[in-house]
Amino acid sequence: MRKKDNPTRSMESTLEWIAKSIDQGLLPAMVLSDAAIYELEMERLFARSWLYLGHESEVPKPGDYVARSMAADPVLLIRSNDGEIRVLLNACRHRGNIVCRAERGNTTSFQCSYHGWRYDNTGRLVTAPGMEAYGDKLDPAQWGLVRAAKVERYNGLIFATFNPEVPSLDEYLGGMKWYLDLVTKRSDAGLQAVGAPHRWIIPANWKLPADQFVGDTAHFPYAHISALGLGTWPMTDAPPWVANISLENGHGVWIRGVESGYSLMGQRGYSDSFVTSLKSNLLPAQVEALERTGSLGGNLLPNLAFMDLQFADEPGSPSVGYLSLRLWNPISVDQTEVWSWCMVERDTSPEFKDTAYKAYLRGFGPSGAFEQDDMIVWAGPTRTAKGPIGRTLLQNISMGMANTKLDQSFPGPGKVYVNKSRFLESNLRAFYRSWLENLVRGA
Amino acid sequence: MSVTGVDVTYREIVEFLMREAELLDDRRFEEWMEILTEDIYYRVPIRTSRERDEASEFLAESAWFSENWKALQMRTKRLASKGTLSEDPPSRTRHFISNIRLREASGPNEIAVKSNLLVYRSRGDSVQYDLFSGERRDVLRRVNGSWKLARRDILLDQAVLGAQDLSIIL
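Chains A and B, in that order, are what the protein sequence lines are. First residue of the first sequence: 6, per the working numbering; consecutive thereafter. First residue of the second sequence: 24, per the working numbering; consecutive thereafter.
Because the hints were derived from the structure by calculation, they are not lab data. For each residue, glycine too, the CB sits at the ideal point set by N, CA and C. Some hints here could point you the wrong way.
Said to hold, decoys possible - Quick look at which bits of chain B chain A covers, simulated, 3 or more residues with Cβ under 8 Å:
id : stretch
1  : 70 to 82
2  : 124 to 133
3  : 185 to 193
Pulled out of the complex, with its shape left as it was, chain A reads as follows (with noise of 0.2 Å):
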C-alpha cells in the first residue's frame, strides 16, 4: 500500500511514482481504474498514436467501406474511387452528425441526414444545400470529411494517426515488423481477413488485454485449463523454449515454441507449396524462427494485438494454423469493445480456410473456449481496482526480474528474455513503461 493518499497530488507527481513503482516490479492498480489516467491515455496516447483500422482485403473494391473506431472516434475505412485508402471522420463538418450508419457497405458519396449536406468518397464536400447562403465563405476544399493525417500500410494492414507530428509506421513498428512478416508475410497473395470481424463489449480496462498479449504465456494453465483439456491443442515432446520479446515502443512478442533444431511447421496444416512459398517469401532467420513457434503473439502499443496459432477444429482431427488480429477498442475507463479477426493466406485451399476459422472460432471468439476465460480474469482486475482500497495497491508484476536471461542465440531482434522456469513478465514491465513514457511526453 501506498502513502495516505494526497487530494492535490499533481498528475505529474503521480505520473512520476507510477514510474518508480514499475521499476521496481510494481504496478498501482489505479492505472485500471483512474478516470483522470484514462482521459490522459486518450489525449496523449491514442489521440497521438498509429492506430489499427483494418486489413486492405476488408475494402477491395472501390466505393468499399467499413466503420471503424479510433477509441472513441467513429471512422470510415473507405477504399475511394481512385483506389486510394483512406480513413474519415465519421461526423458532418456541419453540426457533427454521423454522416455514415451503416457498418460496411459500398458507395460513391455520403450524404448527412440531417441537412443534406454532400461528400464524395475521398470525403471532399460536393455540395451543402444553402451553399448560396455562405456567401463565398464555405469553401468546400476547407469543409470536407476530416481525413486522418498519416494512413499507411504494412504488409496489408492498414494503420492510420490524426497526428501529423508522429514519426513513420515503419519507426513506429521497428523490430515489430520482422514478427509481423512471420505472420503476414508468408505468401505472395497475402492475407485475407475471412469475412467481418467478432465484435463484442468487455467489462475490463483495455490495458488488460493489451498487457495478456504483450506476453503472459503464464496463465496457460491456469485460466485456460478447461480449454487444454480438450485436445485441440497440438501437443509435442521437444524441448520447449519460452520468450517474452521487447522492442521498441512498447510493442512485445512472446512466443511458446521449441529449442533450435526443433520443427512444429507440421503443426500448421500447410501444403507444401505453401511451405516452399513460405520459405522463399521470408528470410532465413525468420524461416528458422517460424520452425521453432508454437504460438506467437504480441501487442503494439496501444490497443493492436495478434496471435498466431495451431490449433485442431475438433478433437482427433490434425491442428491447422490461423492468425487472429484484435483491437482492444477503449469505450470507458471499465469497458472496451474487442474486435478480433480471423485472417488466413487467401490461396490456402477452400477447406483449408474452413477449418481454420472453425478451429478459431472453437478456441477464440466469444464462444471460444479459450476466450471466454480470458474475459473473466480482466473483468476481475478491472473490478477490484475501483475501490477505495483497492485503488491503493500495488500489483506485483516483478515475475522472472532476478533470474531472467537474455537469449543471445534467437535469431529475432529485440530483446529475447527466457526463464528458466517459463514465468516471466518481461513485456508486462516493458509496456508499462512504454505506456507511462507516453503520458509523460505529451505533457
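With chain A's structure known, arrange chain B on it following the hints.
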C-alpha cells in the same frame, strides 16, 4: 396447425422445444446432446449493419457459433468440467421460446420450425444481465419415433454482442 406430408402435431413440436429449453436451463447437457441427430449443425451467423436494400446483414463466412456434433460435444464437456472459469459458478439461463411456426416438410420425417428466442442470462451477484434475442430456424427429424434436432440456425438481433461472452448454449 398441420403441414402436408408430415405426420406431426403442433403440440408435439411445442413439447419438444419446451423440453429442450428445460434441459438447457437445468444444465442437463448430456441429455441435451441425446436429442441432437449425429449430423446436427448449429450455426449463429454474424450480422453487420447494412443500408436498406443492400445485401442481407448476415454473413456466410462469419459466425458466433458454427458447430457439428463433435464440436457441441466438446462444448458441453467443457461446460460440465471443473476449471471452466466462465461457467463456474454457472450462469443462470432462462430460454423463452415463442411464436412457434411449423414450416414446410423436407421429407416425411422432417419438419422446419421457426420460433422466437429470448435467453436471459445472469451471473454471480451482479445485477447486470444479458438478453439474447433472435429467430431460430430449426429442422427437426423424427428418428425411431422421437423428434430430434438436425439443424439450427439462430439469427441474433444484435450486430455487436452486448455480452462479455457466449459461454452458454442459445
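Earlier hints that do not hold, by number: The structure conflicts with hint 2 only, although it agrees with all the remaining ones.
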